[in-house]
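2 protein chains.
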Amino acid sequence: MSMHKNEERLESLQKSYEQYKSQNLNLNMARGKPCPEQMDLSNGMMDVLTSKDSLKSTDGTDLRNYGGLDGLPEAKELFSKILDVDTDEIVIGGNSSLSMMHDSIAQAMMHGVAGGEMPWAKQDKVKFLCPSPGYDRHFAICELFNIEMIIVDMKEDGPDMDQVEKLVRVDESVKGIWCVPKYSNPTGIVYSDEVVERLASMETKAADFRIFWDNAYAIHHLTDEPKEIKNLLEECKKQGSPNRVLMFSSTSKVTFPGSGVAMLAASQENLDTYRKNISFQTIGPDKLNQKRHVEFFKNVDGLKAHMKKHAEIIEPKFRAVIEILDQQLGGKDIASWDRPDGGYFISLDTPEGCAKEVVGMASELGVTLTGAGATFPYNNDPKDQNIRIAPTFPSEAELRKAIEVLCVCIELASLKKTVRAS
Amino acid sequence: MSMHKNEERLESLQKSYEQYKSQNLNLNMARGKPCPEQMDLSNGMMDVLTSKDSLKSTDGTDLRNYGGLDGLPEAKELFSKILDVDTDEIVIGGNSSLSMMHDSIAQAMMHGVAGGEMPWAKQDKVKFLCPSPGYDRHFAICELFNIEMIIVDMKEDGPDMDQVEKLVRVDESVKGIWCVPKYSNPTGIVYSDEVVERLASMETKAADFRIFWDNAYAIHHLTDEPKEIKNLLEECKKQGSPNRVLMFSSTSKVTFPGSGVAMLAASQENLDTYRKNISFQTIGPDKLNQKRHVEFFKNVDGLKAHMKKHAEIIEPKFRAVIEILDQQLGGKDIASWDRPDGGYFISLDTPEGCAKEVVGMASELGVTLTGAGATFPYNNDPKDQNIRIAPTFPSEAELRKAIEVLCVCIELASLKKTVRAS
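Chains as they are written, first to last, in the working numbering: chain A, 1118 to 1539; chain B, 1118 to 1539.
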């Protein structure tokens, strides 16, 4: 663009900016929250267990009393299908897979894991690989435990495995890696078979290395052609390293966040360690809520049908975001964004050094985005360019407005940068 | 008794023993589990929330979505009454107060607590005072974290405070004490005002000393004259040491174990620490289950009325145990037992060196008791004399049979001991 045209465009954008400002908007796209209509889909779950039901498990356990530390048989049966494992390879927990991940790391720090010589906390240093952009709450757990985070680049089919292989081969203090293998948070990418195979077969210096496989969006498809990933636990078993992976998921974004059920799938040895640790820690999960889930879905087909209804509600929102981004920013060479087939986010890259400014500008206009940097360890995006868009919670009308605002902010920030540079 | 009479009695007891053996009994008094009739009392809780209800909190929060890390306002309102604290002095958690206790210790080990210079795990040694007999799962948490346990004698009105005061005054590594202040597990004793006051005012060498106040049986009365204890948090505030105490309770034995709600009451600083720690660890508690509890009880009167129904079911069982013990062992000078006014246990002392033998003999007859030693740190009752009786779960008929068996075993073991000694 010529200097003159730049100035004209800047003026026009600034006018839009002021107009939005006068509207006193209050739109929030910060967190991956289901919208009320999505939660309505599960309201029926409130009615499936009543005082007239037997409130017993298939194995005869009284669901109202103590017991059942690692989950109901019927819950294992149903939810093992989400992670594609056998019913004896899964533990069904409480209401939060984040807790299971936190606890797994806390336990490793305090008590160590199978294959390790000592608790992680007793070692000089513990490091984790963090494919980035990634999930802020994973990184927060590392910060909590003083685990040093090493950024690994995210590619179209998963983390840059050349980087990963190199880092784990030489450094014994590298004890783990965070992965969201399907419809990744926030980039929406799906790990390729090759990445899964390399994760299973790579040589690690640390004998107690663990892959934290947060398959949060395993069944959260946006299209009619569900993406499938290779089963990492199977691959690890084939490679003789069955203890390498801990797989997590939950129904937080299937039924009700806060009242869902979480799960951990792993090798027998890892599950035994986990069961032993939690036997000190809890009287067991809420069995009635597990039963409620099982009764509500009946079987995996019920679960899949339910997820289609979620997609019907949120897919148009994802489409609206992409549509507006295409219309307003397409071809301008100032931003790039993903077109995810599932999950909860759209990841957008601004020109380098603009993300913070854009998020700040949007905030001034009443549009709250996930903080710039949140998708990187230590809240620090080295290129200051990644923005995470969470389209599910707002109504489509609010969302459209918010994305329009975002587009104006991005173009404005990028144009200002160009003008400054010229 | 004369030698001859001893032998006669021994023969008669051995005959009884063989008779019981032939009955192939299968009676379990090992754990403090509510019986099915007790859980029936809460069945109505399954019906109070349906898909037709608003599923919103009093503050407008959608109970079905993320949020509410430290509990619903209406749950704080209701359950603060159990621990006799203000609504801003309590956090309502998940389904297990054991988890809140474990997590509080784990957090102290990893991250330290207010007033401390460093995390407990970084210190050479961490010790806890364990008034004994006490609760095995408290002791198990200490073992898990390599916390050295020091036995303190239990008296009629709480731990021997002379011992406690001496130990905490001189040793900086003594970081905590376990207390079940009301209807103690297993002795059923209730802490006196003097004990509470001394706990609040005693001088501790460790600035980060904590009293783990597990008020599990706060409202679990067996009589119409509920025992009350002095409020330790208030006492600590008066003494200028508000951070000294963490108070726990739950509805595990009020509604459904596994599907109850747990709570932690403490100073603002302690609660802030706890809230910060759990913000890394969980997406928050099950708000729907908290609401279910509130709707079911309505208010503290509803809660009290509910607890009377529990007492009506289990008080006759406690009475039956005491009655049989009185009849079969009374005046024989071979055992002593408590007559608790609440809680879940009856604690019985055999002659020294007999508890393990008695529990083993009972087991041979098909009567499972809590393992001898379980009520002491490291599973080691130095005098081998304490047996914990959990009368709530079996039917009254089963219970009577089990206690008859127990009495025979006690008399037999003690007589054998006398004969051996003579």
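For the record, the hints were derived by calculation from the structure and aren't laboratory data. Be a bit skeptical, because a hint or two may be false.
What the hints assert, rightly or not - Non-contacting residues of chain A with respect to chain B, defined by C-beta distances greater than 10 Å in every case (computed): (1) G1161; (2) D1403; (3) L1405; (4) K1415.
What the hints assert, rightly or not - Within a straight-line C-alpha distance of at most 27 Å, the following computed DSS-like cross-link-like pairs (lysine-lysine) qualify: (5) B:K1138 - B:K1426; (6) A:K1242 - B:K1426; (7) A:K1393 - B:K1242; (8) A:K1393 - B:K1138; (9) B:K1426 - A:K1169.
Note that the structure is a prediction, hence the values are computed from the model and not measured. Virtual Cβ for every residue (Gly too), placed ideally from N, Cα, C.
For each hint, the structure was consulted:
1. For A:G1161, the non-interface assignment is contradicted: its Cβ lies about 6 Å from the closest Cβ of chain B, within the 10 Å cut-off.
2. The beta carbon of A:D1403 sits about 5 Å from the closest Cβ of chain B, which is not more than 10 Å, so the claim that it is off the interface is violated.
3. Its closest Cβ contact with chain B, about 5 Å, brings A:L1405 to no more than 10 Å, contrary to its assignment away from the interface.
4. With a cut of 10 Å on Cβ distances, A:K1415 stays outside the contact zone with chain B, its closest approach being about 17 Å.
5. A distance of roughly 36 Å separates the Cα atoms of B:K1138 and B:K1426; the hinted pair therefore is violated under the 27 Å criterion.
6. Annotation: proposed proximity of A:K1242 to B:K1426 is violated, straight-line Cα distance about 56 Å (limit 27 Å).
7. Our distance criterion of 27 Å between C-alpha atoms is met by A:K1393 and B:K1242, whose separation comes to about 24 Å.
8. The straight-line distance between the Cα atoms of A:K1393 and B:K1138 is roughly 34 Å, outside the 27 Å bound, and the hint therefore fails.
9. With a C-alpha separation of about 20 Å, the suggested pairing of B:K1426 with A:K1169 holds against the 27 Å cut-off.
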